[in-house]
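Undergrad: Given next are the chains, with one letter for each unit.
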Amino acid sequence: MIKLTKRMNALISLLIRLRYWQILVIGVVSAIIISEFIVVAIDILWDGRISGELIFAGFLTPLLDAFIILIIFVAIIAKLKESYEELKSAQAQLIHAGRLSSLGEMSAGIAHEINQPLHIIRLKSQSLLVNADEGLIPTLSKEVTDVLRTIDSQVERISKIITHLRIFARTDSLNDTKPIDINQPLKNVFLLIGESLRLKDITVRKEFYDAPLMITADASRLEQVFLNIIQNAKDAMEKLPAQKVLTVKSLPGEDDTIEVRISDNGGGIPVEIREKVFEPFFTTKEVGKGTGLGLSIAYNIVRDMGGNIEFHVDEGVGTTFILTFPNMIQSNARDNNHVGRKTFHIDR
Amino acid sequence: MLDGKPSILIVDDEPVMVGIVRDFLVPRGYTVFEATDGTIGLEVFKERHPDIVILDVKMPGIDGNRLKDLIRKMVGTVRIIMTSGHTETIESYITSDEIFLKKPFHIRELMGALKAAEGNSLV
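Chains as they are written, first to last, in numbering that gives the first Met the number 0: chain A, 0 to 347; chain B, 0 to 122.
None of these hints come from the bench; they were simulated from the model.
Keep in mind that a hint or two might mislead.
[As the list claims (entries may be wrong)] In the DSS-like style, the derived pairs of lysine-lysine whose C-alpha atoms are separated by at most 25 Å in a straight line are:
#  : chain 1 : residue 1 : chain 2 : residue 2
1  : B       : Lys57     : B       : Lys101
2  : A       : Lys5      : A       : Lys123
3  : A       : Lys186    : A       : Lys233
4  : A       : Lys248    : B       : Lys57
5  : A       : Lys205    : A       : Lys248
6  : A       : Lys87     : A       : Lys275
7  : A       : Lys159    : B       : Lys4
8  : A       : Lys177    : A       : Lys199
9  : B       : Lys72     : B       : Lys57
10 : A       : Lys123    : B       : Lys57
11 : A       : Lys159    : A       : Lys123
12 : A       : Lys123    : B       : Lys72
13 : A       : Lys159    : B       : Lys72
14 : A       : Lys238    : A       : Lys248
15 : B       : Lys45     : A       : Lys123
Could you put together the complete structure from these sequences and hints?
TA: Right, dumping it as structure tokens:
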């Protein structure tokens, strides 16, 4: 029984991978074979000889039957394919949610453990400065004072990053939607990956709109979107010998929308994979480096917010991801059934 | 409060933290008692009757909140400063009946909290 189930599963997974023309060919061939077989069987059963009339009746009827069966067959496969895609996408979301929740738990623990020694370092340097200020210890030289101040400010910086990492990871599963300035999550993303971009010699051009751009969204989910796109841009520029430039812009878009444009100069997404970049588990990165979930997650989050995500390829130059969000006033009035679109434009 | 400066008990399960606070306060004329867990903290409190207690909230065994209640039951007027790094949204605050310092705090915040505690304890 188990063996049979296994075989059925193998057969189903084989069928799912077939293309429609392959199914059609298999269907037609089997229809002909079945009908021929039936004709011969009827002939032999009837009177042991072959007559023209029998060939006609025996050929046409089974062929029609086979044709109907074929249509049903194709419909079933189509349905199976659809469910398979849905399942794949749901699985992607689940894996991601699982990873995030463990990341959240881990970050909370790590943040506390690291914040404690950091706090001690800060208190030590602050104590020295305050004690010297109040004359409780001999006056410190300017050099020592500078060093202590640097320690204090740098440690504060680490604390901020850790605290932010914890908030980012923890609140992702919650839905904390409220009016926010889209520039804030953009700035926070650079708190998390600014240093890793700098280490890869990537010049970052931040062209944030100089007034608040208000949208209704969950800030940490938005950060996740920006983070995923920027990570991809970073990887796209990995092997670039020339100057690597990442440009991040925020601006008011057309029709009361708000736009974020993230551009790299990594040569552009190759033609043959453009259709697939938003698919879950699609990755061009080597095993262990990418999950193939980044852009599919980004797409789903933006779609949930009633926004739109598309990319624009400047052949041989780079890719620009354009994210469009309904602004606050519009999003309040927007139709709840609004769904995002994924489209792309290519410059030749 | 022998010479005008109050005596202080610090209870924190991180010994280095206790050391820093002690080293900072002793030169300023405070009498400092130390404990690295709630049980020892309670014993030291019973023995020494400090004017101000600085308590870490999260500790193994008797935690800061429970120790606070136990101490308050014994001496209602003792000033208590709570410290914790676990809360995410709450900032440090000083009210008429409670002082809370969110970790990581600046050493000057600790001084401010102590001033506030002293001011109240003299009332």
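Undergrad: Against the earlier hints, flag every one the structure doesn't satisfy and list their numbers going up.
TA: Result: hints 2, 4, 7, 8, 12, 13 and 15 break, sorted rising.
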